[in-house]
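Student: Spelled out, the chains give:
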Amino acid sequence: MAFQADFNRDGSGPRFGGQKILLIEDSRMFSAVLCHRFQTELGLNVKSCSSLKALQDALAQDGQGYTMAVVDLNLPDSPYGEALDCTIEHNIPAIVFTATFDIATRNRILERNVIDYVLKDNEFALDNLVATVRRAILNRKMRVLVADDVPSARQVLVDLLKAQQYMVVEATSGLEALAALEAYSDIELVVTDHHMPDMTGYELTRRIRHRFGSDRMRVIGISSSNDRLLSASFLKAGASDFVYRPFVAEELQCRIANNVETLTQMKQLRAAAACDYLTGLHNRRYFYDYGPKVVNECLRQKSLSSVAILDIDHFKRLNDTYGHEIGDEVLKAVANRLAVIFEGSDNLLSRLGGEEFAILFPMMDSAAATKLCDEVRSDISRLKVAADDEELSVTISIGVAEISGYETFENYLNAADQFLYMAKHKGRNQVYSDARMTEEAAQ
Amino acid sequence: MSFLGISGMQYSGEMFAGARIILAEDSNVFTSMISKRLKELFDIDVEICRNFDDLQLAYDKSSEPIMLAISNINLPGAEKGEALEYLVDLSIPTIVFTGTFHEGLRDELMSKDIVDYILKDNIFAVDLLAEAICRFLTNKRHHVLIVDDSATARALLSSRLKRYNFRVSVAESGAKALEILRANRDIGLMVTDYNMPDIDGFELTRRIRSNIGSHQLRIIGVSSSSNRLLSARFLKAGGNDFMLRPFIDEEFYCRVNQNLDTLLQIQTMKRERAVA
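If you read the sequences in order, they're chains A and B.
Position 3 of the first sequence, counting from 1, maps to 3 under the working numbering, and the rest follow consecutively.
Position 42 of the second sequence, counting from 1, maps to 485 under the working numbering, and the rest follow consecutively.
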């Protein structure tokens, strides 16, 4: 299902390095263009086969590790979709690419539980196919919850979703659905039946909406009811879409994909909004949005935390001497190094702006944070940045302040800023903090 | 501070202090809950009318137009729904807030050209009412394009959307639609018929999607065709939603809202990214 002119059109979407796909297509023109686009736009490794024979040989040689297959329905040596059967026998999920389309063909394709089919009948065919492959690969990371008390009906939905490559969680009742949402925090889409013994899908939708906004969780209602108002009431309760049974598989598939697409767009925007354009670190906005939540959680648990402000020494002089481009290189190098140091930790690192960075250390008192910051300082002082034909070194100063009680978030940063000022005053390339001040006073 | 409502509407934090809103309701619990909520959310001081006399008096005593009325179906002094009749006759946009509901009543309500109805039967009732009010007050910011070759169908959709307070443009053909879209970049939603003589809704959508993404323009297809694969085809071409005729008003309004909510959410995030 290709939604044209959407976000990923410019090829800036995710790349799937290392994944292998099969391309079974006899037209050299299509095959060459697709191979190229799969490689350059999606970063996929493509094994191209121009006939059933070639496909069989390729699978005999190495049938393992293919993420999926793109299959032309009619090849000279497999006029009736034998190539499709062959990929399915090898348990390789398939996307059908076909010039012929009629209801009989469509039913034959759908019986085989393929991911999707794309028609060759129009100028967007190739765009659609690339988008379909991209979507199918992305779907493998998306978890969907299906709530339906009737096993056969639930199975139909599960099969449809699994064919689309989604990770599927099943619930046989409303309460089970709510429990599943607790157990799997990565569920982003719920497909729910209406008539369930313990709770209607309508009620379930309401409860879900009470906790999750439509920008993070999509809900699709589905029912065989003949109450023509049910659709509107579901939507009013906050459902993102509603489909009556019996449904056409493609329509439900499209509506699901549409919702997933919307979530993906929002996710990309959210990530971009939290990201510093130069260094890729979290930006000031994110730090000020997310930081207070972390601090409050620590305070609630009666734990200390600390915040540090870090500043590159003599950055202005460096900028004036070497120019802004080199200045930016230095910022990026320091940011990359910091990102490596803090990768995988709970500490929140961000670039506040200019040459200033902030780090929040949850569950860490000032003494521990000071010690850690001193290691960071020493690490950065050994960093070399290539500038034209020389290697530059930089040093940093860090101020650390402990957070032990409820104050405004700005206050904590002001405190850290004071200690940063003192670190600079003491000759730079230093860490200064409340812990160190106490130490000095004791001596 | 902006936040999302239960039904997905984004409260922008915008205040509507000047808006004259009448609340015709006899229950003390509801009048106090509603007036408190509207004060908090929008800085609106609602005028409360506890019976039919109050309501008539409120209308007569001031020449300031009533922007919106929220009305129970029955009020003391108007036990047979006369209050609602009265508001509708005066062409005052009205949201019905009611405890009783059945399909017969619903059909009767919808035939009266009301804006929306909210049932009192659940704990979210006041929240949902507030959202319905906020939608009405803010729908003006949305410009919707209706594309249909049938003048009757165009008029019908257009009058519905105007009732919800949207700004509406109409086009009688695909070519005209493309022209209007080019001239009005503020159009955020297009509702298009499928069967049209020059370009069908499918082709129109495809052409639009080649340069306008769904983060700029939402497209809802409408058709009375019996071909059930049509919806999938339309969605695949880049449509965001699809409805088969005849559809019910509430569902239409919900789907319109849903698409515009999504558009607003995405646009807000884009702005946040731009200033980040």
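Hints listed in this document are in silico derivations from the structure and should not be mistaken for laboratory results.
Hints should not be assumed to be uniformly reliable.
Quick list of simulated restraints, FRET-style, between CB atoms [to be verified]:
hint, chain 1, residue 1, chain 2, residue 2, range
1, B, I623, A, D102, 28 to 38 Å
2, B, P689, A, E410, 55 to 65 Å
3, A, K302, B, H545, 16 to 26 Å
4, A, G344, B, N471, 11 to 21 Å
5, A, L175, B, N565, 49 to 59 Å
6, A, D102, B, P689, 23 to 33 Å
Calculated pairs, BS3-like style, for lysine-lysine (alpha carbon to alpha carbon, straight line, at most 30 Å) [stated by the list, open to error]:
hint, chain 1, residue 1, chain 2, residue 2
7, A, K141, A, K120
8, B, K523, A, K267
9, B, K482, A, K267
10, B, K504, B, K479
11, A, K293, B, K713
12, B, K713, B, K605
13, A, K162, A, K141
14, A, K20, A, K162
15, B, K504, A, K141
16, A, K302, A, K332
17, A, K293, B, K523
18, A, K20, A, K120
19, A, K332, B, K563
20, A, K267, A, K293
21, B, K523, B, K555
22, B, K605, B, K583
23, A, K47, A, K141
24, A, K162, A, K53
Beta carbons are placed, not taken as given, at the ideal position from N, Cα and C, and that holds for glycine.
Student: It remains to establish, for every hint, whether it holds in the given structure.
Tutor: Status of the hints after comparison with the structure:
Between I623/B and D102/A the CB atoms are about 37 Å apart, so this pair conforms to the stated range of 28 to 38 Å. Between P689/B and E410/A the beta carbon distance is about 57 Å. The supplied range of 55 to 65 Å therefore holds. At about 55 Å, the CB distance of K302/A to H545/B disagrees with the hint of 16 to 26 Å. Between G344/A and N471/B the beta carbons are some 57 Å apart, a value that contradicts the proposed interval 11 to 21 Å.
As the Cβ distance of L175/A to N565/B is approximately 19 Å, the hint placing it in 49 to 59 Å is violated. Under the hint 23 to 33 Å, the C-beta atoms of D102/A and P689/B, about 29 Å apart, fit the expected range. Distance hint between K141/A and K120/A is fulfilled; the C-alpha atoms sit about 28 Å from each other, no more than 30 Å. Taken as a hint, the K523/B and K267/A pair is broken in the structure, with Cα atoms around 51 Å apart against an allowance of 30 Å.
Of the supplied pair hints, the one linking K482/B and K267/A is violated, its CA atoms being roughly 34 Å apart against a limit of 30 Å. The suggested pairing of K504/B with K479/B holds, with an alpha-carbon distance near 24 Å, which does not exceed 30 Å. Distance hint between K293/A and K713/B is fulfilled; the C-alpha atoms sit about 23 Å from each other, no more than 30 Å. The suggested pairing of K713/B with K605/B holds, with an alpha-carbon distance near 28 Å, which does not exceed 30 Å.
For the hint pairing K162/A with K141/A, the CA-to-CA distance comes to about 12 Å; that is within 30 Å, so the pair holds. Under the criterion of a C-alpha separation no larger than 30 Å, the hint pairing K20/A with K162/A is consistent with the structure, at around 20 Å. A hinted pair counts as satisfied when its Cα atoms are at most 30 Å apart, and K504/B with K141/A does not qualify at roughly 62 Å. Distance restraint check for K302/A and K332/A: the Cα-Cα separation of roughly 36 Å exceeds the 30 Å cut-off, and the hinted pair is therefore not satisfied.
Under the criterion of a C-alpha separation no larger than 30 Å, the hint pairing K293/A with K523/B is inconsistent with the structure, at around 53 Å. Between K20/A and K120/A the alpha-carbon distance is near 23 Å, which keeps this suggested pair within the 30 Å criterion. For a cut-off of 30 Å, the pair hint linking K332/A to K563/B is broken: about 57 Å separates their Cα positions. A hinted pair counts as satisfied when its Cα atoms are at most 30 Å apart, and K267/A with K293/A qualifies at roughly 20 Å.
A threshold of 30 Å between alpha carbons decides the hint, and for K523/B with K555/B the separation of about 15 Å falls inside it, so the pair holds. For the suggested pair K605/B and K583/B, the alpha carbons sit about 9 Å apart, so the restraint of at most 30 Å is met. As the CA atoms of K47/A and K141/A are separated by approximately 23 Å, the hinted pair is consistent with the 30 Å bound. With a C-alpha separation of about 29 Å, the suggested pair K162/A and K53/A falls inside the 30 Å cut-off, and the hint holds.
In the structure shown, a violation is registered for the earlier hints numbered 3, 4, 5, 8, 9, 15, 16, 17 and 19, in ascending order.
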